[in-house]
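K.L.:
In case you want the letters, here they are:
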Amino acid sequence: MELDDEVRAWTGARRLMSTLPRGSELRRMKKAGGGRALRLRCDRSLPFEFIAEFLDPYLSLWGARAELSLSDYDPALSQLGEAAPCDVRILFLDWRLNKLPPAQAASFIRERAREAAREAPVLLNNWPGSHELNERLAELRVPGLTLIDLHALKVDFDPRNDSVSNFPFSGPAAVAIARHLALDLLPPLAGERIKGVILDLDDTLWRGVLGEEGPQGIVIGEGHRALSARLAALRKRGLMLAICSRNELEDVRAAFKLRSELGLSLDDFASVQVSWAPKVENIGAIARELNVHPSSLLFVDDNPAELAKARGAVEGLRVLLADPDGAQTAAALDHFPGIFAVSQDAAASVRTADVRANREREKLREQAGDPRAFLAALQMEVELFRNCAAHAQRIHELSQKTNQFNLALQRLSAAQAAEAVGSDQVTMTVSLRDALSESGLIGVLIARVEDGEAAVREVLFSCRVLGRDVETLSLLHFCKWLLQEGARRIRFEVAEGPRNHPARDWLACLLPQGPSGELSELHARLEERCRAHPATVVEHR
Amino acid sequence: MIDKLRALVGEVLEMDIPPDADVQRASTAAWDSLNHLRLVMTVEEEFGVRLDPDQVASIGSLSDLERLISSQTQAA
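Those protein sequence lines, which keep their order, are chains A and B.
Numbering of the first sequence is given in our numbering, commencing with residue 3 and proceeding in unit increments.
Numbering of the second sequence is given in our numbering, commencing with residue 959 and proceeding in unit increments.
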């Protein structure tokens, strides 16, 4: 694609994310076709067609398109069990037709949503202005269920549309709901996730060229403050921020120190790459430092040529063309596919500090020379939890997000994660802290013991903690638990993915003959390997 | 105005409408109740008008729609 075409596409994408166009404009765009098919099933008591027709223009921004099947209009949702397999189930209900009191209405939908969520993630709408019902729906806590929060979207009712076609919302509301579904809710449910945002500085985070105008000369307007506030909120939510700028580091330090109206400090950024090296090199360094695949990173820059170079050189990198005044960038960030959080990120509060601490760990590793001395210097404390129900959401998160140390790539749904902490499986969750930082819950091992064999269906660890043998130490204790459950043999499920070779290589080292063997032999091998591991281990059973 | 309206109706109903041709709701399969409201919402957005339920119900053809929009835009 020529650069002019790319600029047009990026500008159009930014506008679609940051503003709500007319329906007719979207209708003209929807003919593009192509892309990854997303199988959506909508069970409903409302016309969904007025929303569905606007999904594809938004879905195409992340290379997807909708394949939609619709139930009949049925407030009882009696067709729930009949539909063909789908990627996401949408329950789109006219709550005015439900005459039950809010508590009973919530109870009615809980059972149906729970059943549907066993097969696929479920989206369920609440209702604008129905406070008590919405509170009940927000409290449902069904694994795999996410609310389409029509109340928060502030969608307009349109009595005329309601009387003509039983569609109670306005035309612009239909567009807003479609955007929310296609850009906010569906991407994370389909595995599209942004873990870090890489920011250019000049004409992106502020207007002007820092090297020429100096820290006091750059302009920080309303749009830039809005952008900074969005970035701060994303960081608080668990996304990592990084800077990639061609500038002098001292100038950048001075700008953040002297221009406090930015509302961000350099400490808010997990990685800061400020140099005159090509940005592509700095983006690579950021990906390595954050230890995430570039396809989980969003690069925001006002210079189309830099975006084009980065896209060409860094596989899978997502890009957003910044507007020099910041306002459109800020608004687009809200709806960039993969940014929206469908659930709370349990590791949000620790991630940036933990990644920054990795720099200190690398220094310690170099100073220590001996790997054992390095591990001892870290003063690690590992906690192992057995079938802890409170960790189900984090298991789901880790399963969805972890790519490098993910042995079976099971991608457990929220419902499957909840089942994993049930009584018929042995599930270990692992938390870690050391002298430098709190890493939080970073590992999961899941097995089922039957007829003397432990079938390990998943082993996964956050890439933040690799290189400290925590995974091996955890497996040692996991094997001990499995022996206590009566297992004599062990078999690991292994899936070959594009990025999970660290996990496969680790297992191949432990079991060179293949992914199964005598459990006691593996246990003995692990004991030998972990004998000198200096971490303190606490088991919670 | 009629050319723009014809183009919009053609987009919503996904059909080519020859110049000077009228389109009858009753004899056009694509002009179902869902597309009827789509048409109304589209022309309202594009022409800055607002039709009440009775007016919406009275639309039986492209020419009906044209008359309604003309009367509203002239009144404004």
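Hints are supplied without guarantee of correctness; some may be wrong.
[Stated by the list, open to error] SDA-like, lysine to any residue: derived pairs with alpha carbons at most 25 Å apart:
hint	chain 1	residue 1	chain 2	residue 2
1	B	962	A	23
2	B	962	A	459
3	B	962	A	153
4	A	197	A	311
5	B	962	A	174
6	A	156	B	985
7	A	156	B	982
8	A	403	A	378
9	A	156	A	174
10	A	197	A	24
11	A	238	A	153
12	A	156	B	992
13	A	156	B	1007
14	A	156	B	1025
15	B	962	A	307
16	A	311	B	985
17	A	403	A	290
18	B	962	A	27
19	B	962	A	387
20	A	403	A	459
21	B	962	A	26
22	A	197	A	12
23	A	238	A	279
24	A	197	B	985
25	B	962	A	31
26	A	156	B	1011
27	B	962	A	14
28	B	962	A	29
29	B	962	B	982
30	B	962	B	985
[Said to hold, decoys possible] Calculated Cβ distances over 10 Å to all of chain A for the following chain B residues:
hint	residue
31	973
32	987
33	994
34	1015
35	1033
If you're looking for bench data, these hints aren't it; they were derived computationally from the structure.
Glycine included, every Cβ here is placed at the ideal spot set by N, Cα and C.
K.L.:
For every hint, state whether the structure bears it out.
P.N.:
Outcome of the hint check:
1. B/962 with A/23: The hint holds at about 18 Å.
2. B/962 with A/459: Distance ~60 Å between residue 962 of chain B and residue 459 of chain A Cα, so the pair is violated.
3. B/962 with A/153: violated, 35 Å
4. A/197 with A/311: Cα-Cα ~21 Å, so holds.
5. B/962 with A/174: holds, 21 Å
6. A/156 with B/985: violated, 39 Å
7. A/156 with B/982: violated, 37 Å
8. A/403 with A/378: violated, 29 Å
9. A/156 with A/174: holds, 11 Å
10. A/197 with A/24: violated, 31 Å
11. A/238 with A/153: holds, 24 Å
12. A/156 with B/992: Holds, at roughly 24 Å.
13. A/156 with B/1007: With Cα atoms ~23 Å apart, residue 156 of chain A and residue 1007 of chain B stay inside 25 Å; holds.
14. A/156 with B/1025: Between residue 156 of chain A and residue 1025 of chain B the Cα gap is close to 34 Å, so the pair fails against 25 Å, i.e. violated.
15. B/962 with A/307: violated, 38 Å
16. A/311 with B/985: violated, 54 Å
17. A/403 with A/290: holds, 17 Å
18. B/962 with A/27: holds, 13 Å
19. B/962 with A/387: With a Cα-Cα distance of about 66 Å, the restraint between residue 962 of chain B and residue 387 of chain A is violated, given a limit of 25 Å.
20. A/403 with A/459: holds, 17 Å
21. B/962 with A/26: With a Cα-Cα distance of about 12 Å, the restraint between residue 962 of chain B and residue 26 of chain A holds, given a limit of 25 Å.
22. A/197 with A/12: holds, 20 Å
23. A/238 with A/279: Violated, at roughly 30 Å.
24. A/197 with B/985: violated, 53 Å
25. B/962 with A/31: holds, 17 Å
26. A/156 with B/1011: Measuring from Cα to Cα gives roughly 24 Å; hence the hint holds.
27. B/962 with A/14: holds, 23 Å
28. B/962 with A/29: Distance of about 15 Å is within 25 Å: holds.
29. B/962 with B/982: holds, 18 Å
30. B/962 with B/985: The hint holds at about 22 Å.
31. 973: holds, 14 Å
32. 987: holds, 16 Å
33. 994: violated, 7 Å
34. 1015: violated, 7 Å
35. 1033: Correct as stated: the minimum Cβ-Cβ distance to chain A is 18 Å, above 10 Å.
The structure fails hints 2, 3, 6, 7, 8, 10, 14, 15, 16, 19, 23, 24, 33, 34 (numbered hints given earlier, in ascending order).
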